[in-house]
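4 protein chains.
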Amino acid sequence: MKELNICLTRESRAAFSNHAAYCVGTGRMGLALQKEYQDQLQMLQGLTHFEHIRGHGLFSDDMAIYQPYTDENGETHEAYSFTYLDRVMDSYLALGIKPFLELGFMPKRMASGKQTIFYWEGNVTPPADDNKWTALVKATLSHLAERYGHDEVSAWPCEVWNEPNLPGFWENADKEKYLHLYEITARAVKEVLPDMRVGGPAICGGEGSQQWVDDFLRFCRDGNVPLDFVTRHAYMGQTPGRKGRYLYHEMCDPSYTYREMSETRRIIDSYPEYRGMEMHITEFNTSYNPFCPIHDTNLNAAYIAALLACLGDVAASYSYWTFGDVFEEIGVPSRPFHGGFGMIANGLIPKPTLWTFVYFNRLKGTPVYRDDKAVVVKNADGSYEGVAWNLCRENQEDMKVTIDLPEGGEWTLLTGTADEESCNPLKVWHEMGEPASLNKEELEFLRGAGQPRNASSLIEAGGKAGLTLGRNAVAYFRLKPVKMQKDYGYDYGWYKEHY
Amino acid sequence: MKELNICLTRESRAAFSNHAAYCVGTGRMGLALQKEYQDQLQMLQGLTHFEHIRGHGLFSDDMAIYQPYTDENGETHEAYSFTYLDRVMDSYLALGIKPFLELGFMPKRMASGKQTIFYWEGNVTPPADDNKWTALVKATLSHLAERYGHDEVSAWPCEVWNEPNLPGFWENADKEKYLHLYEITARAVKEVLPDMRVGGPAICGGEGSQQWVDDFLRFCRDGNVPLDFVTRHAYMGQTPGRKGRYLYHEMCDPSYTYREMSETRRIIDSYPEYRGMEMHITEFNTSYNPFCPIHDTNLNAAYIAALLACLGDVAASYSYWTFGDVFEEIGVPSRPFHGGFGMIANGLIPKPTLWTFVYFNRLKGTPVYRDDKAVVVKNADGSYEGVAWNLCRENQEDMKVTIDLPEGGEWTLLTGTADEESCNPLKVWHEMGEPASLNKEELEFLRGAGQPRNASSLIEAGGKAGLTLGRNAVAYFRLKPVKMQKDYGYDYGWYKEHY
Amino acid sequence: MKELNICLTRESRAAFSNHAAYCVGTGRMGLALQKEYQDQLQMLQGLTHFEHIRGHGLFSDDMAIYQPYTDENGETHEAYSFTYLDRVMDSYLALGIKPFLELGFMPKRMASGKQTIFYWEGNVTPPADDNKWTALVKATLSHLAERYGHDEVSAWPCEVWNEPNLPGFWENADKEKYLHLYEITARAVKEVLPDMRVGGPAICGGEGSQQWVDDFLRFCRDGNVPLDFVTRHAYMGQTPGRKGRYLYHEMCDPSYTYREMSETRRIIDSYPEYRGMEMHITEFNTSYNPFCPIHDTNLNAAYIAALLACLGDVAASYSYWTFGDVFEEIGVPSRPFHGGFGMIANGLIPKPTLWTFVYFNRLKGTPVYRDDKAVVVKNADGSYEGVAWNLCRENQEDMKVTIDLPEGGEWTLLTGTADEESCNPLKVWHEMGEPASLNKEELEFLRGAGQPRNASSLIEAGGKAGLTLGRNAVAYFRLKPVKMQKDYGYDYGWYKEHY
Amino acid sequence: MKELNICLTRESRAAFSNHAAYCVGTGRMGLALQKEYQDQLQMLQGLTHFEHIRGHGLFSDDMAIYQPYTDENGETHEAYSFTYLDRVMDSYLALGIKPFLELGFMPKRMASGKQTIFYWEGNVTPPADDNKWTALVKATLSHLAERYGHDEVSAWPCEVWNEPNLPGFWENADKEKYLHLYEITARAVKEVLPDMRVGGPAICGGEGSQQWVDDFLRFCRDGNVPLDFVTRHAYMGQTPGRKGRYLYHEMCDPSYTYREMSETRRIIDSYPEYRGMEMHITEFNTSYNPFCPIHDTNLNAAYIAALLACLGDVAASYSYWTFGDVFEEIGVPSRPFHGGFGMIANGLIPKPTLWTFVYFNRLKGTPVYRDDKAVVVKNADGSYEGVAWNLCRENQEDMKVTIDLPEGGEWTLLTGTADEESCNPLKVWHEMGEPASLNKEELEFLRGAGQPRNASSLIEAGGKAGLTLGRNAVAYFRLKPVKMQKDYGYDYGWYKEHY
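Residue numbers (the working numbering), protein chains in the order written: chain A, 1 to 499; chain B, 500 to 998; chain C, 999 to 1497; chain D, 1498 to 1996.
Hints are supplied without guarantee of correctness; some may be wrong.
Short derived list, chain A residues pointing at chain D, Cβ under 7 Å [as the list claims (entries may be wrong)]:
1. 156
2. 243
3. 299
4. 454
5. 486
These stretches of chain A come out as covered by chain B in the derived footprint (C-beta under 8 Å, 3 or more residues) [what the hints assert, rightly or not]:
6. 70-79
7. 85-97
8. 331-338
In short, the hints are calculated from the structure, not lab data.
Even for Gly, the Cβ is constructed at its ideal location relative to N, Cα and C.
Construct all of the structure, not just a fragment, from the sequences and the given hints.
Here it is in structure tokens:
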């Protein structure tokens, strides 16, 4: 058994910056029109609270913003429709979440080419006419500012395009064309909303990616192009293999991902003009594939915990891709568990990774402990909260955590645990026979099977708190001095003693 | 002023078959995933109750049922995903409405050609491989039967394709190919669910359309092809003119439409094998265009009332196209009022036509009066209910309705009136300046402005009930013998007399 | 016809202080546990927004705060239960409304006597032991501060007892004993929450009432007793007559009530120490009887409008007694309309007076016009909002309001009107036969009959806005410069012209 | 460790009559007006489904049915108000539950004496005037029949009074007077609704109680008094001790309670006229005291399981007293856990006993196994469902259940377990320090801590299913043949094997 001792007997301070709640990812904006999507987002925001949400496809045709029409004389008029945009934004704001805008992809009727990406066919080519593109950007932001208020909308971060260093996402991964797009777009944004913060280049990792960042920064600096933050992505999946529609790959170690992000941080800081500039990891996850079975596992939950503990060292945010399984990039999922990115499976079934975020998002106090297995914060009321995880990459051992507590009276230990035994709806679904459609009974059982186990114990004065984490468990704990409010005559133990 | 006298002093019986509640239309099935769509449908079913719902696009790619995939060896496998189908069907059944299935359009990867229709690109070409098509039909019905029960699903009517007599909806409007499609599809349906009722040819009107029905019937009879009912559509719009994205056209007289439908009825009855067979008008409305301003008017409500009063003579149902404005055929509407088909505008604003259906759907008693301006039924409890309308095609006159009541005591007259003065959200929106996006305040005002006026009066014994209908008013009335339950000491009139 | 001209062509400033939204009354706190009560309050807060709510019975036995118990040895222990208090406070705060605390009545087991008031038997005698009473007050406030936060609870105003100048509400209307109760209570409040604002004497009007205020102020000044505001009540009902359980009485003129309140204001200001001190009218209405039919009428709505226009001159708030008809003082109402105080009848039926508040609560701009028939404010965006009413005490005339508008372009006039024709559910219920129990159909009809009529018109440049108010109408209007957003090709008038 | 083997390899049939879902108890009818009550009932009916609900106080003054008033001439009139009755009945029927009416207690203004019972002061004396009582009964039933339909209301069972064999519930426990009350009441019921089923004597156990039943039956037989079923209560608490407001007592063995009920059954069957007549246990629980800590424990859940397994042998129903903790008999509970009867604690926290009912209510198939530790039924689809419990009265052992399965393929075993480790909110609350008021965080944790643990396993062909029950565990299991629907390429085990 692994052992971990956390000593809280003396005041100490640990390095831990928690930005887990800053942003979360979403398939594409048009899916936000769906009821199941909204139900999942409401469930998420009810359990925890994210501040921002970022997804693709703001300008894709299913959002139907760009709606030119040809009149009775055959003349074509530029026109925009904000019907769906308003609906999506209204729904986000009603749930207390603000957009982290991603400006893309290209409306078909504005595009220079026909290349598309995904089942839903997002056009990834540059605009045929730059002016039409910037007019679209400006009209959209103006409309938002008019509807939601200038100050409100100015507080939404804004990113230009997605992963232009991949030829699938940006025709030929043409860097020059991206830099040009970035420049005209960033200038258009500032023209309408000078205080809106704009950034790029939204690259994914891989060969040459760090060079992209460097080139991007140089370009902005040399051209005096507006830039408020730098964005990139972080995925851990190695070279994959495929079976049917599913993808399998080994994951790199969290420390590798951390180093990769640190290198980008270093590049940014190497520019005197940009030293300390915010870096936003606008997507991250283990695998980058929406049909990779790891996403449904407890292993995934533990991986993500390891990342949440350290990414705040280098980045101002890291947006889990994605909050739910309403997602269509490689087709519509045909079964509830299919390796989708979501923290929540279709049918409102919680997946283990959901709890990793619920637990981390609670940690708002002063950090007093951090290593690669646990973090602990101390709150103003004297209580402690922490998260521990037992990421099992090479071994199968349980992990025993003991916590030495400050002198004084008794403590209440409350724990929430999501592990392979008690919170593993994937396993239950598998043992049900992997049904493609769930009936009401199965659905309810799976929702129950996705709940973590809440437990408690009373730590006597001078005692130690202990918790044991099974394979890939992610556990939350809260330690609070007990203030006993016993009612005269109430005897908790009577029936325990008599029976 | 026009005058109408309805005499109820003696028992009488009138011809009036009310099938208004049997079926209602919907844009396309994929839109049923949307929250706004579900909110509108819930609002509708809360105000009145429809039994069936019919729309396009069951097999279109946004429903994502046909999901073949290519494996790691490059081999392609047939596969179906019922994720979205289940979600839509679950939501329908939860709202107490059953599908009237329309089998179409063609999944892209199964199609023989590339021709599409609508902004949402429904493929309208025959299958490249008949066997794949029938396999799809059978797999879908089998899945539904397994999920919802054999008997339940067998009770859903099933129609093959939509308007194959238009080249836009069926490549070249090729009649032979449609008849073939009908045959293989109907046989596939019966193979899985022998009791499911299947029909066609779902034609729209226009030149040659009656001939299509005749050819279709002959084909079925001669080939002994399964046929349980005949379907067609009914629209009243004449040759249109266009301005920008909007279409304007004169409407034919309701009596013309009635004669058109009667002719189809006559053709059916001319086949001894099919005499008396159900005819379903699976779409009807004034204009067939989703950007035709008439749909938002009180005029439309009055036209529809005139049709609801008579179509039951010849048809087993007539499905208003469509219940709501979540609709994308010629693009996503860019403003709340745009001439969309819906009874409910986006933002849950009632349009006048909604009340026509709410009122007709209440008429369940024994018909005692009908002409082209009013219908009245008598209920088992001795009360009367009726609807009157004042369709103003050529004149602007108000219409005064007087009702002679049976001898006896006092009557309560309750009326609900939707007319151009009191229930005309379109006018209010126009006078607001035709805003493309509505703020919360405007939205609430418009919702209020779309409510009919509820009023009452007390008819003394031997008196006559009277109601006055303004231009294009549709009015509901209920007449019930008063059973006064006065509490001792309660004096309704005291403050009226003293002030 | 009465005529009223409002001239807005030139900038002007009018005296009008609008505190209508500050506070609203409620039967008794224990009723807030009921679902119907919560539904009515939610409906109210959804239509408009009140900041505070005040009702009786915080310490009455149905709230079960004072729960001493006798142990197995026969010894009695003081004990408090906050189960219901928490539930009520949680529900208020969830609806965005804060309590205006009224400390009373006396728990039976703490009382010095047996005198009770109301069907629900609130004990109105002094405490048998002052220390037990102050301990109860302090324990309650401490608990609230712990649960909701010290600052939050300190912002809730706190009043001592209710109408001690009536022998029914305070044994013998014993002034000395009230002053003593006030002193010990106010000191107890300040001991726990020094920043909580405390006031009295919560008197109702009638003979000697102004003297009570004077005596109360002198007592506080001379004894240096904490006092942050002065409270009293305002009812307009004259000597009543009774029939069965119902009460009928003439109402005094609004100007009489205004003078009565001004006199109290004058008394307060006559004390140098208290000059300008806030006066809160913690209850007001037409009749003070919960079975007085006036409350359900449009007449009542117009009376209240007249008061809302002027009471802000002298008082910091005026709390309508009461928001809903979940009320039990003289027994549980046996029928939906029974002259209850509520703005909302049981079954969620809006009464006319509801709209008076909805309309006044919207008036947040700069006052530009006020007389005894209308008030108008101007908003920052250049729009005007106003309320007009046609209180018919002696005549039956309609009132025609014309509004001269500033030069410039077109204006949109939006109006909401609640009058005897269009928004009079009482009349409909009467004409239904005054049913004691409503079925679903009747209930829905009545809810519709309680909606005001929303209408609009377009005022051409240089034109005048006009509205006509029937008997006892209360009308809201909003005037806004039109910013036409016509879509190319959209022709609102086409179908009006062609039909 | 205890061991239990259940052999399902061969078809067998077991004696087990499951009436657990027939009826559930509730504090008193007036409490059904409360929102928290309705929320708890909705939670209950969402998790499982009860058919009937029975509680006290239909005629008590808080239901305010009997509302005589004195008019302006001093004359008193009989009058009834059904405002609250309608509201309660509407709410029950909306949740799919029907009343099991209990006619009592006495309205104050109709009573012959002043004796009351409970904090809420139910008057327990005979009517001063029999005619007023029967008029009240008849008026109430007539009203219900008019509102809900004659057939619907006739299907609600109806019981006369509650526990008249206790002097606290019926003045002097006067048997003659009860028999008289029963007779006039039963005759009044039949006069209005001849098909309504009426019964008594609703006695509790204890000395002389069986004699009461005998006397009651003889009285009915001899006097030809209407009688459709016999009612009594069953509690297991022995002589109690008290500390503060809490009561503690040993429980008798379930077999003792079973014998007690069998004896009543025997008495009934000893009358040829009444042989086989339905007996309804209209209340049962472990302790009869609402401040007895046993009710919150897992021990209670196990006791109730033992009773549910056997009471159906002798009784047509057994109504758990009570479903929720909105209850006021000995005062309002001052803390969330206080030994209240409810299956659901205030704040919507599930208690262990809730799951006993959820699990038993699922057992609708053919019984194939029963002993005093488990029951199993077989469903039409070949699956098995069962409940097992490990009631620890004298020992502390775990219990191991093994189930031999029929030959064939693999089986899915799904289990839900409520035991002292995993589903014990009482323990968590105790370890939190027994807080009287819960904050949002604590409340959510406790709701989670009240959930059972859902788990699964795959039983290979020819294998045995096994489950282990800790102390006082109640476990549900479902065994279903697996129908594997593996998608090509999906490999559940890949990430388990690689990590």
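We went through each hint and held it up to the structure:
1. 156: Result: violated, 29 Å to nearest chain D Cβ.
2. 243: holds, 4 Å
3. 299: holds, 5 Å
4. 454: At about 4 Å, which falls below the 7 Å cut-off, the nearest Cβ of chain D leaves the hint on residue 454/A intact, so it holds.
5. 486: Hint on residue 486/A: holds, closest Cβ of chain D at ~5 Å, below 7 Å.
6. 70-79: holds (count 4)
7. 85-97: Our answer is that it holds, as 3 residues pass the Cβ test (under 8 Å) against chain B, meeting three.
8. 331-338: holds (count 5)
In summary, the structure is inconsistent with hint 1 from the numbered list given earlier, while agreeing with all the others.
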